[in-house]
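Just so you know, the protein sequences line up as chains A and B, in that order.
Going by my numbering, the first sequence opens with residue 1, and the numbers climb by one from there.
Going by my numbering, the second sequence opens with residue 1, and the numbers climb by one from there.
No wet-lab data here; the hints were simulated from the structure.
Just so you know, these numbers come straight off a predicted model, no measurement behind them.
A few of these clues could be false.
Said to hold, decoys possible - Think about it this way: if two alpha-carbon atoms lie no more than 20 angstroms apart in a straight line, the pair counts; the simulated SDA-like pairs of lysine to any residue are:
1) A/7 / B/265
2) B/13 / A/95
3) B/132 / A/166
4) B/194 / B/87
5) A/7 / B/181
6) A/158 / A/243
7) A/7 / B/161
8) B/265 / A/114
9) B/265 / A/97
10) A/7 / B/105
11) B/13 / A/7
12) B/13 / A/202
13) B/265 / B/172
14) A/204 / A/289
15) B/132 / B/265
16) B/13 / A/180
17) B/265 / A/181
18) B/132 / A/49
Claimed, not checked - Beta-carbon label-pair distances, calculated as ranges:
19) B/186 / A/60: 46 to 56 angstroms
20) A/184 / B/133: 37 to 47 angstroms
21) A/184 / B/141: 44 to 54 angstroms
22) A/31 / B/223: 39 to 49 angstroms
23) A/45 / B/179: 50 to 60 angstroms
24) B/192 / A/283: 22 to 32 angstroms
Ideal Cβ placement from N, Cα and C applies to all residues, glycine included.
What follows is the residue order along each chain.
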Amino acid sequence: MHRFSLKWRQTRMGLLFVSPWIIGFCAFYLYPFAATFYYAFTRFTGIGNPTFTGLANFSTLAHDPVFRTALFNTFYYTAIEVPLSTAAALGLALLLNMDVRGQSFYRTLFYIPSIVPVIASSMIFVWIFQPSFGIVNSLLADVHINGPAWFFSITWSKPSFILLGLWGLGQPMVIYLAALQGVPREMYEVADLEGANAWQRLRKVTIPMISPVILFNVIMSLVLSIQYFTQAQVIETPPGSPGTSTMFFVTYYYQQAFTDLHLGYASAMTFLLFILVLLITVVLLRTSRRWVHYENDPR
Amino acid sequence: MPARRARRSSLPKHAVLIALSAMFALPLIWMISSSFKTADQAIAMPVVWWPHPFLWGNYSQLFAAQPFFRYFWNTFLYAAITIVGVCVSSSLVAYGFSRLRWPGRDAVFYVMLLTLILPFVCTLIPLFVMYKRFGWTGGYLPLEVPTFFGSSVFSTFLLRQFFMTIPASLSEAARIDGANEFWIYSRVIMPLAKPALASVILFQFIYCWNDYLGPLIYISDPGKYPLSLGLAEILGTYTTNWAWVMAGATAATAPIVILFFFTQKSFIQGIALTGQKG
């Protein structure tokens with residue numbers, strides 16, 4: 001009886017401390033999430049009540065060429081930006097972890113772009129990639145290369161956004177660097193004794209040791225890049241241009257929901273997005289068992 | 001890695017690092033340099049690296065044409081209120097997830113972490129409809145109120161990671177002395193958590209300074225614009241004068257970079273704390 005009441009007291013205390021989040025979770029996640037699911041099957045303009053239309057939104061989506069473009073653009077951006085920025089952040093962290101003189105100077109320098117306000121960095125990139133008088137094209141002209149129109153070219157607009165994303169890789173770089181500094185030195189000494197070369201040390205010691213951190217960062221950057229929006233919205237007028245080359249998922253969602261007030265249709269879009277994000281995360285977590293190494297893990 | 005190896009190959013390494021530094025620094029250097037040029041000099045070909053004459057006027061003209069101080073003030077207010085919300089609610093929740101043992105704790109914690117991968121658009125429309133019904137749209141309440149209910153999962157996670165590093169014996173000693181949990185939270189744990197709270201405050205400040213989508217959806221009156229919306233307007237309005245646009249970008253960036261230099265340690269520690277696995 002006494003044990004039971006102690007356990008109950010502990011549970012009550014725990015829930016009491018966590019209660020702000022539980023209330024917030026119900027009000028700002030659970031309810032709106034359920035409502036989105038419901039809206040997906042309705043026609044709704046925000047005024048009055050939603051009208052139930054069954055699967056109409058989904059069948060329209062299946063034949064919506066802009067939606068398909070938005071999906072393609074988002075995949076394009078994600079499939080290139082996430083691996084590239086992960087590799088680059090990891091590479092920079094490895095480079096900085098090699099006892100270089102001035103490590104903290106370089107770390108600071110590489111980190112600063114990631115705290116530049118996102119609108120400011122968008123402004124800077126439109127400016128340096130300006131087709132006719134930007135610094136990049138003028139430097140390219142010095143070596144007799146005719147630079148493209150970057151953000152204003154159908155072919156180059158997405159790569160331009162990828163470059164903008166790469167400039168801000170300071171956050172994951174600092175995380176990787178901290179993780180690298182947590183790898184015990186003895187492990188490298190053992191590897192050295194066994195005659196491992198630099199590549200083997202990286203493959204067999206460094207990467208496995210920091211793999212949980214890599215997994216966490218890859219998942220977070222995937223989720224973020226699937227929701228890519230702000231930079232494209234600010235830089236491109238009208239949003240999505242040139243052509244439909246920068247029409248990302250959320251760009252189209254924003255247009256449908258907040259410009260055209262097709263709230264039911266936009267909800268159907270987000271419903272699909274949720275399934276997509278869930279699938280990607282599950283696949284990553286499942287396959288990660290093959291490459292992620294947990295210390296003291298009985299598995 | 002052994003110092004011997006580091007020294008032997010240090011020359012190519014520094015060459016790579018210096019080349020990379022140039023690439024990372026160029027956009028910022030070009031931003032600052034352009035902001036002191038005349039409109040013609042900014043677009044001059046071949047490029048002018050050093051502004052001549054060195055023009056401060058872009059800043060005063062831009063600040064006269066756009067209510068920049070108003071934008072700053074609105075952003076500060078938004079940041080200050082949400083910082084209070086995050087510090088209070090996230091620390092309480094983090095305490096419940098780390099310093100107390102109760103059945104189901106870790107399961108609930110994982111549910112909270114899972115909300116990190118939930119795309120924000122999945123809840124946006126019903127939230128908008130709900131806030132509109134409350135009469136909150138048009139102001140900052142939709143962005144501020146949730147922070148008092150642990151909406152900053154990132155901050156909760158960071159604080160929880162930090163609380164886990166504080167020895168359990170400290171709480172136990174206080175409990176034996178008859179202290180209740182709230183006393184331990186406010187008098188023992190929170191004072192020890194100052195470094196982690198500093199990181200949380202910094203990250204929340206930067207989040208607000210950066211936040212574009214939230215204000216874009218809820219704020220419509222230009223007088224209430226935060227910095228992000230004000231800047232976006234500059235980009236849309238003044239592309240005929242890039243010196244002005246770059247003055248705006250510099251004015252928005254400088255405070256954050258200065259803040260960073262004064263608080264570098266909190267930044268790096270905070271990031272390292274969230275990078276570790278739970």
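### Task
Determine which of the earlier numbered hints do not hold for this structure and return their numbers in increasing order.
Of the numbered hints given earlier, those the structure breaks are 1, 3, 7, 11, 13, 15, 20, 22, 24, listed in rising order.
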